[in-house]
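Since each chain sits alone in its own frame, please combine them into the complex, following the hints.
Protein sequences appear in the order of chains A and B.
Note that the numbering used here gives residue 30 to position 30 of the first sequence, counting from 1, and the numbers run on in steps of one.
Note that the numbering used here gives residue 294 to position 294 of the second sequence, counting from 1, and the numbers run on in steps of one.
These are computed hints drawn from the structure, not numbers from a lab.
Some hints could be false.
[What the hints assert, rightly or not] Pair ranges (Cβ atoms, derived): (1) Gly178(A) - Ile148(B): 50 to 60 Å; (2) Leu356(B) - Lys56(A): 22 to 32 Å; (3) Lys121(A) - Leu234(B): 11 to 21 Å; (4) Leu234(B) - Gly134(A): 34 to 44 Å; (5) Arg131(A) - Ile148(B): 53 to 63 Å.
Backbone N, C-alpha and C fix where the C-beta goes; we use that ideal spot for every residue, glycine too.
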Amino acid sequence: MSDSIIEMKNIQKHFGSVIALAGVSVDVKPGECHCLLGDNGAGKSTFIKTMSGVHKPTSGEIFFEGKPMKFDNPRDAMEAGIATVHQHLAMIPLMSVSRNFFMGNEPVKKVMGMNFLDQKKADEITMTEMRKMGINLRGPDQAVGTLSGGERQTVAIARAVHFGAKILILDEPTSALGVRQTANVLSTVHKVREQGIGVVFITHNVRHALAVGDRFTVLNRGQTLGTAKRGEIEYDELHDMMAGGEELAKLVPEMGKAAQ
Amino acid sequence: MTGSTKAGASDERIKEQSFVRKALIRPELGGIVGAIAVFTFFLLTAFDSGMFSAPGVMNWSMVSAQFMIIAVGACLLMIAGEFDLSVGSMIGFAGMMIAIFTITLGWPVWMAIVVTFAMCIAIGAVNGWIVVRTGLPSFIVTLAFLFILRGFTIFFPQLLERKTIIGGISDAAEGDWLAAIFGGKIGGSFFQMLGDAGIIGVFERGNRIGEPVVDGIPMLVVWALALVVFGHILLTRTRFGNWIFASGGDAEAARNSGVPVNKVKVLMFMFTAFCATVFATCQVMEFGSAGADRGLLKEFEAIIAVVIGGALLTGGYGSVIGAALGALIFGVVQQGLFFAGVESSLFRVFLGAILLGAVILNTYIRRLITGER
Numbered sequence: 001m002s003d004s005i006i007e008m009k010n011i012q013k014h015f016g017s018v019i020a021l022a023g024v025s026v027d028v029k030p031g032e033c034h035c036l037l038g039d040n041g042a043g044k045s046t047f048i049k050t051m052s053g054v055h056k057p058t059s060g061e062i063f064f065e066g067k068p069m070k071f072d073n074p075r076d077a078m079e080a081g082i083a084t085v086h087q088h089l090a091m092i093p094l095m096s097v098s099r100n101f102f103m104g105n106e107p108v109k110k111v112m113g114m115n116f117l118d119q120k121k122a123d124e125i126t127m128t129e130m131r132k133m134g135i136n137l138r139g140p141d142q143a144v145g146t147l148s149g150g151e152r153q154t155v156a157i158a159r160a161v162h163f164g165a166k167i168l169i170l171d172e173p174t175s176a177l178g179v180r181q182t183a184n185v186l187s188t189v190h191k192v193r194e195q196g197i198g199v200v201f202i203t204h205n206v207r208h209a210l211a212v213g214d215r216f217t218v219l220n221r222g223q224t225l226g227t228a229k230r231g232e233i234e235y236d237e238l239h240d241m242m243a244g245g246e247e248l249a250k251l252v253p254e255m256g257k258a259a260q
Numbered sequence: 001m002t003g004s005t006k007a008g009a010s011d012e013r014i015k016e017q018s019f020v021r022k023a024l025i026r027p028e029l030g031g032i033v034g035a036i037a038v039f040t041f042f043l044l045t046a047f048d049s050g051m052f053s054a055p056g057v058m059n060w061s062m063v064s065a066q067f068m069i070i071a072v073g074a075c076l077l078m079i080a081g082e083f084d085l086s087v088g089s090m091i092g093f094a095g096m097m098i099a100i101f102t103i104t105l106g107w108p109v110w111m112a113i114v115v116t117f118a119m120c121i122a123i124g125a126v127n128g129w130i131v132v133r134t135g136l137p138s139f140i141v142t143l144a145f146l147f148i149l150r151g152f153t154i155f156f157p158q159l160l161e162r163k164t165i166i167g168g169i170s171d172a173a174e175g176d177w178l179a180a181i182f183g184g185k186i187g188g189s190f191f192q193m194l195g196d197a198g199i200i201g202v203f204e205r206g207n208r209i210g211e212p213v214v215d216g217i218p219m220l221v222v223w224a225l226a227l228v229v230f231g232h233i234l235l236t237r238t239r240f241g242n243w244i245f246a247s248g249g250d251a252e253a254a255r256n257s258g259v260p261v262n263k264v265k266v267l268m269f270m271f272t273a274f275c276a277t278v279f280a281t282c283q284v285m286e287f288g289s290a291g292a293d294r295g296l297l298k299e300f301e302a303i304i305a306v307v308i309g310g311a312l313l314t315g316g317y318g319s320v321i322g323a324a325l326g327a328l329i330f331g332v333v334q335q336g337l338f339f340a341g342v343e344s345s346l347f348r349v350f351l352g353a354i355l356l357g358a359v360i361l362n363t364y365i366r367r368l369i370t371g372e373r
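If we strip away everything but chain B, and leave its shape as in the complex, we get (with noise of 0.2 Å):
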């Protein structure tokens, strides 16, 4: 017999859970207890280096968001059981596309943008559309959209303006409204005023003398924080968010309590490219250029960060909480062992290693949730 028989109506059979058991099966667990132990290493490791300062803190946060970008589409789209393995190829292919919209076409840029997002969204749909109805793994259909949107993004360039990046587009998206929702910054006055009243730092020569070393933030991690929160709230607080986890957790299952499964994973395809237009629009607005080989490996990166954050990768579980936090340990890491002045290749090392404990973690909590031995 099992113990603590607490009076009234609990029942003998079922054993009392303990506040640490309770707090294992959630799926944020490993994200939490990854990012405390990650912002501790390099608290005590890299606290004088400048990490910590306003500029560095800007540093990691940018490639945070980048990070989370990807990484929210990715969850929710693993949740609801697929991958989006194109998702590299379709940072690569929507900035490309933008470029030359932009530069070779000569549209004006909010056109470009536009059309780029209803062409990347299409092609998700298109993913989703051939993963529904021909039963294959997504994991074959996206691969093969990975060298089909990457081969287009090193032809077209190469086609119309012989090279393989295409620049120029600052100047073209100099006062385009749309532009500045991806590329802006915002909260510039409060800055400055931090910067007058001496919390944060600021110019001491230079033409930009008097202003804080860090004007704004970037419209990239407003978009992080965005999507992170639009992603939480949709998976945990509405029905869509149910036929999510349903889709993901048991299609069949799904199908025979009425949930439109099909309809559900197709829209997560199409949003995972959304979040990958929103990552190249970004990148393209900060960087004035558009290049071949951007978003390279972006796809595993942004499924490490889920797989980290406690997705399951069968679908099914996971939280977009989660994935955020394991793309915030992501860009910590990486700009961390540039700040603690570690060889930046070990960061790939950190990635499989921490990868690899994330998976075993994972499957030892979902045998937690489900009782299995």
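Same shape as in the complex, but just chain A (with noise of 0.2 Å):
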């Protein structure tokens, strides 16, 4: 498994007394997606802030193309090359895209020794990036607020990719979108890790897991209940696995009989 850009051994989180993570173990390769699907309260946020520096593990190693790792904030783990989109984007909408793009890392050029913004090369970057990943701006400075929540995603996943991750979170980033803009977003996905960037792809919608990714890992009640590669699992099983199968299976019968 050295191949991994990152690996999670046995990674247990806890919370005074509770216990949010016992023991989940997860990597992930170059260009791979890997889907954590999991429903409301399985650890899945838990997990990925563990691994983007905000949470310290309790136990458990984490290893960073192939070395040991700590990350003791955010900040370490952004610099390693692990960048998270956030299901509440960093966005201002009253903001241009391009100023958005480069925001608290905005080229800086020199005149009379004085440090200036770069506006033009921030501009041209900003167009290149954005065209890239298939989004054709009015303008660099066409404001953020204009943009469609999807294309919303699509800059910020940008944005990473940018500014040089080797590693992509994204923390549930379809959740809130209609169908197409979903769909804008996960061929987003698909341009991200045909570059060789590992993309983590949070969600607890099986469609759209089912759509980009590689493998599979299912969390329940902060334990993995598996991984499974592409083509070696049906929805429905995934399905039942993320809901907790059996408490599923008893409610059938007895809505059923409600119906009656």
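Structure representation (structure tokens):
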């Protein structure tokens, strides 16, 4: 498994008396889309926060490009090349796409010994990167507020890729999107993967996961229920695993009774 | 489907934007339209009143420059997502401190100015620090400082000098190098030349006979223009400017992207305090005195100028040039009403009306930018 970019082994995370993660192991290979599925409260968020340096694991090991690694804060993880695109995007609607794209990492040029914003460079890079992702902007000065939810996700993804992400964590990128917008985001994920970046795709929508995923790991109550490769697992099977199959199985006849 | 499909790279889902619509989403639009309207109005109604003669121009330029100085600070702070209601009190306080240091304590004027600047900028930092630390609205925090500073501005001179106006600063400032940077004039020889050439009027009699009626550009105006240029470049051409927009647009999103939001906000509070102190120092040097009631209501006038200039009260959007135009509109109208012989209390009616109009226009423009319905 040494070809993985990141390998997380037997990660446990306890918050006081609550065991949020009880030994989760996941690894991500370059150019792979690893889907992390689970219902609300399964531990998905805690797990990716551990991966991106927000939480420190209570126990367990993280290997980054084969070497053991400890992230003290999100900045460390970011510098190593782990980028997270959150559900709530780090985007400012009133600002232009190019200003958002470079927010916090603005290119500068020296004029008379002073640093000035290199707006031209920022605009050019933004347009090129967005075109690569299949979005034609009206112009780099178009406000992010005018973009659709899917396009905003794409800007955020393109930004992470441009700034050298090796692992891209997408936290429920499709949860609030319409059908067409979801398709756009999924195709963006595909393009990112082709560049050799490992994608961690968090979702509770099995259909979205199956559309782009190479491997699927299902979390339930802080534990891994197993990892399956594409083609080895069916929609129903994944869905039942996620929802805790037995509970649903019990529910179906009950609902049947109620309907009679 | 949305009509015009240009060949090539254009996307059929994107509507072509008309030129008008593009111009409309520039923050300066309101300011430009307002300035043109105001100048047209007074050119038509008050042209013969001397408003557009050299001394008349100097008159409203100086009033506008005063507004501009505080508007630049208020503008950058508002774009960074905060208000400072203590600006007016800060003006009174700073002026009074300069007076107390020079007259009561007998310090050289330059030292009084330097120490006052340091004190006021520190107070600005405290304002900002409290806001970012507690997460309280800056409205409340700076409202507290509005009263605290005004109280001290009245208390100190009464305690030390048993009066609320301290004069005699002109004599003390005579020949002081730093005082000249706030109270002097530049370009005297140029105006003398204009006077000699008959382009502007000269005094016909009295002890200043032969001197031009306008004998230089006051440093107040120079400060105003310098601050506008500085603020505009800072905001639109530097990384820090992007951080100002980001901090005001969405502080959380900005933090997630690595923008030091708290630092930006505190620095903007300090800059606002700096602008207020520049205003106060110029005023003290011009009048030669400091009064406890100086700067009253200036915080609101600054905010109105900024809003007329197209900034959003909620932060994240605005323009220093717009704010400067807002200040110009202010100065021209305030003095223009005087030249036109209109009752000056009507100026406040005008202020209220134009504020309301500007806010409504801005809200509409914001909807255009973000595509909200």
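Which of the stated hints cannot be reconciled with the structure, identified by number in ascending sequence?
-> 2
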